Structures are given as C-alpha cells and as structure tokens.
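Taking this note's numbering, the leading residue of the sequence shown gets 19, the next gets one more, and so forth.
Please keep in mind that the hints were generated in silico from the structure rather than gathered at the bench.
Since the model is a prediction, treat every value here as computed from it, not as a measurement.
Take these hints with a grain of salt, some might be off.
Derived DSSO-like pairs (lysine-lysine); straight-line CA-CA distance at most 27 angstroms [unchecked claim]:
# : residue 1 : residue 2
1 : Lys49     : Lys246
2 : Lys198    : Lys229
3 : Lys49     : Lys229
4 : Lys120    : Lys198
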Amino acid sequence: FTNCSPRSSYEDGDESAHKQPLIMVIISVKKPDGDGFLYNTTTSTPNEQLIAELVAIHNARLQVRILAPALRELGKYGPMKKVEEQGLDEVKEKYEHVEVIKNEYYAADPSGLRTGNGPGPQLAATFDQVAAAAEAYCDKSQVQARVSLTIEEINDKIANMRGAVVMAYPMGLPEWDTVKLAIDSVDGLDGTGVGNEILEADTAQLWVAGKEFMRGQLVSDRLGKNEKTKVIAKLQKSGAGPPQREPAVSEEERKAMMAHYFKKQEEMKKLAEAQDDDYLGSAWADSGNMKRNLQGVGDIRAPGLKF
Numbered sequence: 019f020t021n022c023s024p025r026s027s028y029e030d031g032d033e034s035a036h037k038q039p040l041i042m043v044i045i046s047v048k049k050p051d052g053d054g055f056l057y058n059t060t061t062s063t064p065n066e067q068l069i070a071e072l073v074a075i076h077n078a079r080l081q082v083r084i085l086a087p088a089l090r091e092l093g094k095y096g097p098m099k100k101v102e103e104q105g106l107d108e109v110k111e112k113y114e115h116v117e118v119i120k121n122e123y124y125a126a127d128p129s130g131l132r133t134g135n136g137p138g139p140q141l142a143a144t145f146d147q148v149a150a151a152a153e154a155y156c157d158k159s160q161v162q163a164r165v166s167l168t169i170e171e172i173n174d175k176i177a178n179m180r181g182a183v184v185m186a187y188p189m190g191l192p193e194w195d196t197v198k199l200a201i202d203s204v205d206g207l208d209g210t211g212v213g214n215e216i217l218e219a220d221t222a223q224l225w226v227a228g229k230e231f232m233r234g235q236l237v238s239d240r241l242g243k244n245e246k247t248k249v250i251a252k253l254q255k256s257g258a259g260p261p262q263r264e265p266a267v268s269e270e271e272r273k274a275m276m277a278h279y280f281k282k283q284e285e286m287k288k289l290a291e292a293q294d295d296d297y298l299g300s301a302w303a304d305s306g307n308m309k310r311n312l313q314g315v316g317d318i319r320a321p322g323l324k325f
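Whole structure, please, built from the sequences with the hints as guidance.
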C-alpha cells in the first residue's frame with residue numbers, strides 16, 4: 019500500500035483548526051465489482067467504531083442506489099399500485115373493463131407498476147434534481163476525485179429526497195411503495211436488489227492486506243501510527259473468510275497488455291508467412307537509393323511507368 023499526500027479537514031468554529039490541517043488515515047473500501055468509497059479516520063480510532071462508521075456509509079449508499087431511481091419513477095408515473103392491481107392500464111381498460119383513475123398529469127406506466135398519476139413536471143424535476151445530487155455524491159467516481167464520504171452528508175442527501183416527497187405527497191405514500199420503504203430506513207431494502215448486501219455493524223468484518231481488523235483494538239494496531247497512510251480495505255459479512263487479494267494489474271491494464279500481445283503475435287505471424295526475399299522490393303534495400311537521393315533524382319520515374 020502506498021502513502022498519499024496529507025489531506026486536510028477542519029473543525030467548524032475553531033480558528034486554530036483552519037491553521038493546522040488534520041492529517042487523516044484514508045480507508046479505500048473496495049468491492050470486487052470495482053465499486054467503493056473513501057473514508058477518513060485516525061490511527062487512534064477503535065476498530066469497532068471504524069467498522070460501524072464504514073457499515074453506515076455502505077448501507078446508506080445502498081439506500082441511495084434503490085431510492086434515487088425509484089424517486090424518478092415516482093415523479094413520472096406516481097405512486098405504486100397494490101400487487102394485485104398491477105398491470106398495464108390499457109389492458110385493464112380494454113379487456114378487463116376496469117376504470118382507471120387519471121389526474122391531469124397522467125402518464126401510463128409502461129411497466130404497469132405505478133398508477134400513472136404523477137405529481138406534475140415541476141415536482142418531477144425536483145425529484146430528479148435531488149436524486150441526481152445523491153447519486154453523484156455516492157458514486158464510485160468520488161474515489162478517483164479523492165473525495166472522502168461522510169454519513170452526515172449522505173443522510174442530508176436522503177433528507178432532501180424525503181423533503182421533496184413530503185412536498186409532493188403531504189398525506190404520504192402507500193406502505194408498499196418502493197420510495198416509502200427505502201426512504202424510511204435501511205430495513206426497507208429487504209427484498210430489493212441490494213437486500214443481500216446490507217451489513218450489520220456488530221458482525222461485519224474489515225480486512226486490509228489479508229488481515230482482519232479485530233474488535234477491541236485500535237486502527238494503529240493494524241496500520242501503525244502514521245496518519246498519512248492510505249489503504250485498500252474490504253468490508254464484508256461475518257464468516258466470509260479472508261477476501262481475495264487485489265490483482266497485480268487492473269482490468270484496464272490487463273486489457274491493454276492483451277491487446278499489445280495480440281498485435282505482436284499478428285506481426286510475428288505475418289513475418290513468418292512472408293518470403294525471405296520480400297524485403298528486396300523495399301526502398302531501404304535498394305543499394306542505389308541513397309545515391310539518387312543525394313543527387314536529387316530519387317523521385318524521378320520513367321514516363322508511363324507506375325510503381
């Protein structure tokens with residue numbers, strides 16, 4: 019693991035903090051699929067506290083992953099129908115003779131999951147704005163941008179989405195709506211596409227360089243007391259065992275190496291198939307070529323001849 023340049027953070031309301039930047043240990047939590055985030059801590063932090071803080075951010079990012087796209091769907095097509103009422107409105111009207119209630123902003127949901135009665139273009143635009151802000155903050159690109167996440171900032175983004183929903187639906191959403199389930203707490207993610215990724219703070223495991231961060235110890239017991247350290251960490255459920263080590267080269271580097279190898283292989287194949295005397299037709303193999311170039315007649319060709 020490589021050291022990195024000091025990162026600065028300041029305590030609000032403390033003038034001395036603005037003069038003395040706090041040097042932090044950077045934990046880069048990385049998943050096998052390449053997703054991840056950065057988090058700042060200190061060597062004096064208890065491991066159980068660090069694990070709980072990382073789990074909170076991990077789960078909150080899952081919450082945003084489900085909530086943001088569901089919020090956009092709510093803005094377009096309104097609240098979700100009950101399971102027994104789901105289906106295409108056009109089919110229900112035409113073949114089942116069901117009367118579909120439509121408001122002034124009605125737009126049929128192509129999935130048949132929502133009523134089609136959205137809150138209107140202005141509120142839909144607000145939904146999209148707050149959802150995009152939450153997604154951008156939690157996106158894995160923040161790692162490349164060297165932006166460390168905080169649970170306070172993620173909760174603030176979720177609060178903005180919650181406020182937009184309350185503004186559009188002051189009476190609340192149905193209990194079965196994905197937005198309602200995901201916006202209240204992480205517990206509402208059970209049964210969704212990320213339900214099996216939720217971690218528990220009391221049982222989750224943190225690994226760095228094949229070694230687990232044991233509860234009851236400090237960060238310094240594993241990383242030393244150098245506050246400038248940056249490490250790649252794995253956060254996972256209990257009982258999963260030591261995670262696989264990071265590959266020696268990245269996926270992009272591996273693809274570049276394979277492309278280079280394939281190109282060289284093709285060149286060697288062409289050379290092997292070429293005749294031994296093919297080079298004699300090349301300009302560089304002409305013994306009189308340099309003389310003609312010095313005399314300025316290298317480009318002269320006989321009339322009517324094409325080369």
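Holds or violated: Lys49 to Lys246, with C-alpha atoms at most 27 angstroms apart: holds (23 angstroms)
Straight-line alpha-carbon gap Lys49 to Lys229, limit 27 angstroms: holds (16 angstroms)
Distance restraint between Lys198 and Lys229, which requires alpha-carbon spacing of 27 angstroms or less: Status violated; Cα separation ~39 angstroms.
Pairwise hint evaluation, Lys198 against Lys120, where the allowed Cα distance is 27 angstroms at most: Measuring from Cα to Cα gives roughly 22 angstroms; hence the hint holds.
When each numbered hint is compared with the structure, a violation occurs for hint 2 only.
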